[in-house]
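A.B. asks: Each chain, letter by letter, is given below.
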Amino acid sequence: MWFKRSQPGIKPQIKKSVSDGIWIKCDQCNEIVYCKQLEEYAWICTQCNFHFRIDSHKYIQLFLDENSFQEMDAHLKSIDLLKFKDKKSYSDRLKEAKRKTGLTDAIRTGRATISGIPVVFCVMDFSFIGGSMGSVVGEKIARAVDVAGNQKLPLIIVSASGGARMMESILSLMQMAKTASRLAWFSENGGLFISILTNPTMAGVMASYAMLGDIHLAEPGALIGFAGPRVIKQTIGEELPEGFQRAKFQLDHGFVDAVVSRIDMREILIKILTFF
Amino acid sequence: MNVLEFESHLHEMEENIEKFRIMSEKDNIDLNKQILDLEKRLKTEKEAVYSKLTPWQTVQIARHAQRPVLEDYINLIFTDFIELHGDRRFSDDRALIGGFATLGDQKLMLIGHNRGNNVTENIERNFGMALPDGYRKALRLMELAERFGLPIVTFIDTPGAYPGIHAEERGQAEAIARNLCEMAKLKVPIVCIVTGEGGSGGALGIGVGNVILMLKHSIYSVISPEGCASILWRDGAFAEQAAESMKITAQSLKKLGVVDEIVSEPLGGAHTNPVATAKSVRSAILKHLRKLNAMKADGLIENRFEKYAHLGVFTS
Ligand SMILES: [Zn+2]
Chain H
26 MWFKRSQPGI
36 KPQIKKSVSD
46 GIWIKCDQCN
56 EIVYCKQLEE
66 YAWICTQCNF
76 HFRIDSHKYI
86 QLFLDENSFQ
96 EMDAHLKSID
106 LLKFKDKKSY
116 SDRLKEAKRK
126 TGLTDAIRTG
136 RATISGIPVV
146 FCVMDFSFIG
156 GSMGSVVGEK
166 IARAVDVAGN
176 QKLPLIIVSA
186 SGGARMMESI
196 LSLMQMAKTA
206 SRLAWFSENG
216 GLFISILTNP
226 TMAGVMASYA
236 MLGDIHLAEP
246 GALIGFAGPR
256 VIKQTIGEEL
266 PEGFQRAKFQ
276 LDHGFVDAVV
286 SRIDMREILI
296 KILTFF
Chain G
474 MNVLEFESHL
484 HEMEENIEKF
494 RIMSEKDNID
504 LNKQILDLEK
514 RLKTEKEAVY
524 SKLTPWQTVQ
534 IARHAQRPVL
544 EDYINLIFTD
554 FIELHGDRRF
564 SDDRALIGGF
574 ATLGDQKLML
584 IGHNRGNNVT
594 ENIERNFGMA
604 LPDGYRKALR
614 LMELAERFGL
624 PIVTFIDTPG
634 AYPGIHAEER
644 GQAEAIARNL
654 CEMAKLKVPI
664 VCIVTGEGGS
674 GGALGIGVGN
684 VILMLKHSIY
694 SVISPEGCAS
704 ILWRDGAFAE
714 QAAESMKITA
724 QSLKKLGVVD
734 EIVSEPLGGA
744 HTNPVATAKS
754 VRSAILKHLR
764 KLNAMKADGL
774 IENRFEKYAH
784 LGVFTS
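Residue numbers (my numbering), protein chains in the order written: chain H, 26 to 301; chain G, 474 to 789.
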């Protein structure tokens, strides 16, 4: 299942302000932050360290060598095989998501270099139907893993997802098994996989490729877990502890290697990549 | 016996037949002809209902309180079940169990969600909603099976992996992800059967196999119909529509290529005749194990890999 945004309305507000290009109110500390300043500081609030949600373009700019990203499989497109309909049809949701984001699906994959080191780089877009994993996300990851495995390149996946895409029903669940089995092969063949967990990385994505890295790096404050906090609260009937399922919680419980500020991520990646 | 709403008229007919029987015995009247007639009508009506079950009706059958659970299958078709406890890490999860077992003359590793037959059992077993400890125990047993060349059979019947604080603290997601990855690599045959409810990652966590079977009236989905409804319709009451949209029945899943074979159930559902159901389950598992036993380790791994590589639809 993909994660339901608990505070609807926040994101559109940011987006609007960003496109205005002047200032944004920080979600966490409510300070007014200037966009130009934010952009220079990897979209992190200089007052409180809040990591604003950014899209795949920005991650590509921040982590990879300039103009090094060569996208693969951009032509893969989701189809509404099941003719899924809730309040809207899946076909309409796809159209809307494409129009709104200018993307073809919730992940972009490609070859790139980081400080001259060639890698296979995958990055998810939460704005595309909650970063949900359907057949296209699963297939693009599978193919990216194949490229990395065959060419002996390190694999980096930046996750941002509420989980599996319900509108593809069981086929989205099967992408968990598909990506996990590819990574099993990759790992057996000596591949290095760095999984970067951003806000949020939940459910089906978390319970498959996101948790199968050799190294797990999380952005500060990111919500990372299996079941959504709302579901857990409902099940146990009590309030959840402060910081539950956040990056630091995952560090404390041994599921991530490090919590890394977005501004430092590229340097850490270079350190790891040059170690091998 | 719990009577499902859509079966209430069938239940009335059954009660009438029973009344006639009692009457004929008590008053010594020959009502055989009438009874036979009623029974025939009941059967026709039942066949009509069961031949066009809606997905939501199937959900109700799959969750029927008297539907056979793992323990019933263990008693009915397996011999020499030796339960093996604990994940060697933290605890022994009662919601997911496993051990050595024999089916016919086939020795194997049996692993499955452990739903109870009553409320007390279900509370003890957490309604078959496993903790990370359960998935880690399952993996330990699967690796044990691999070392001794035993095929693995998993029984899937869970609303989902348990959503709770301890489950998150101990890495529910990591435990499931690890199982998906490791199951892909196992050198022994794996047959999985969905017997009741195949709930999301909690089902898949023991559900990566060479052959996936489903009982005719079981369900398998990415999220429960209620969960899907509460997210997409913002109201859990739309579960019936969600069940419809999600294509969660064995018939739909067979068409999508997720399920390899549908195992028949007696007319009226597995709960009306657990013995006959268990018999069908037994022969389906044995049939597939015989084929898989003939394959070498590489072939089994390749077969599993290819199966999942081909699941998914998109245009390019
Ligand atoms: Zn701030």
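For the record, the hints were derived by calculation from the structure and aren't laboratory data. There could be a bad hint or two in this list.
As the list claims (entries may be wrong) - FRET-style restraints, in silico, Cβ to Cβ:
1) H:T260 to G:S564: 13 to 23 Å
2) H:K123 to G:H783: 46 to 56 Å
3) G:E779 to H:G141: 55 to 65 Å
Claimed, not checked - Here are the computed lysine-lysine pairs in the PhoX-like style, where the Cα-Cα straight-line distance is at most 20 Å:
4) G:K492 to G:K506
5) H:K83 to H:K125
6) H:K110 to H:K123
7) H:K108 to G:K506
8) G:K727 to H:K108
9) H:K123 to H:K102
As the list claims (entries may be wrong) - Stretch-level coverage of chain H by chain G, calculated; a stretch enters the list once three of its residues show a Cβ under 8 Å from a Cβ in chain G:
10) 93-103
11) 108-119
12) 209-220
13) 233-239
14) 256-269
All of these numbers come straight from a predicted model, not from anything done at the bench. We treat Cβ as the ideally placed atom computed from N, Cα and C, and that holds for glycine.
A.B. asks: Are the hints correct? Go through all of them and say.
C.D. replies: Here is what the structure says about each hint:
| no. | hint | result |
| --- | --- | --- |
| 1 | H:T260 to G:S564: 13 to 23 Å | holds, 19 Å |
| 2 | H:K123 to G:H783: 46 to 56 Å | violated, 26 Å |
| 3 | G:E779 to H:G141: 55 to 65 Å | violated, 37 Å |
| 4 | G:K492 to G:K506 | holds, 14 Å |
| 5 | H:K83 to H:K125 | holds, 17 Å |
| 6 | H:K110 to H:K123 | holds, 18 Å |
| 7 | H:K108 to G:K506 | violated, 50 Å |
| 8 | G:K727 to H:K108 | holds, 17 Å |
| 9 | H:K123 to H:K102 | holds, 10 Å |
| 10 | 93-103 | holds (count 5) |
| 11 | 108-119 | holds (count 4) |
| 12 | 209-220 | holds (count 4) |
| 13 | 233-239 | holds (count 5) |
| 14 | 256-269 | holds (count 7) |
In this structure, the earlier hints numbered 2, 3, 7 are contradicted, and the remaining ones agree with it.
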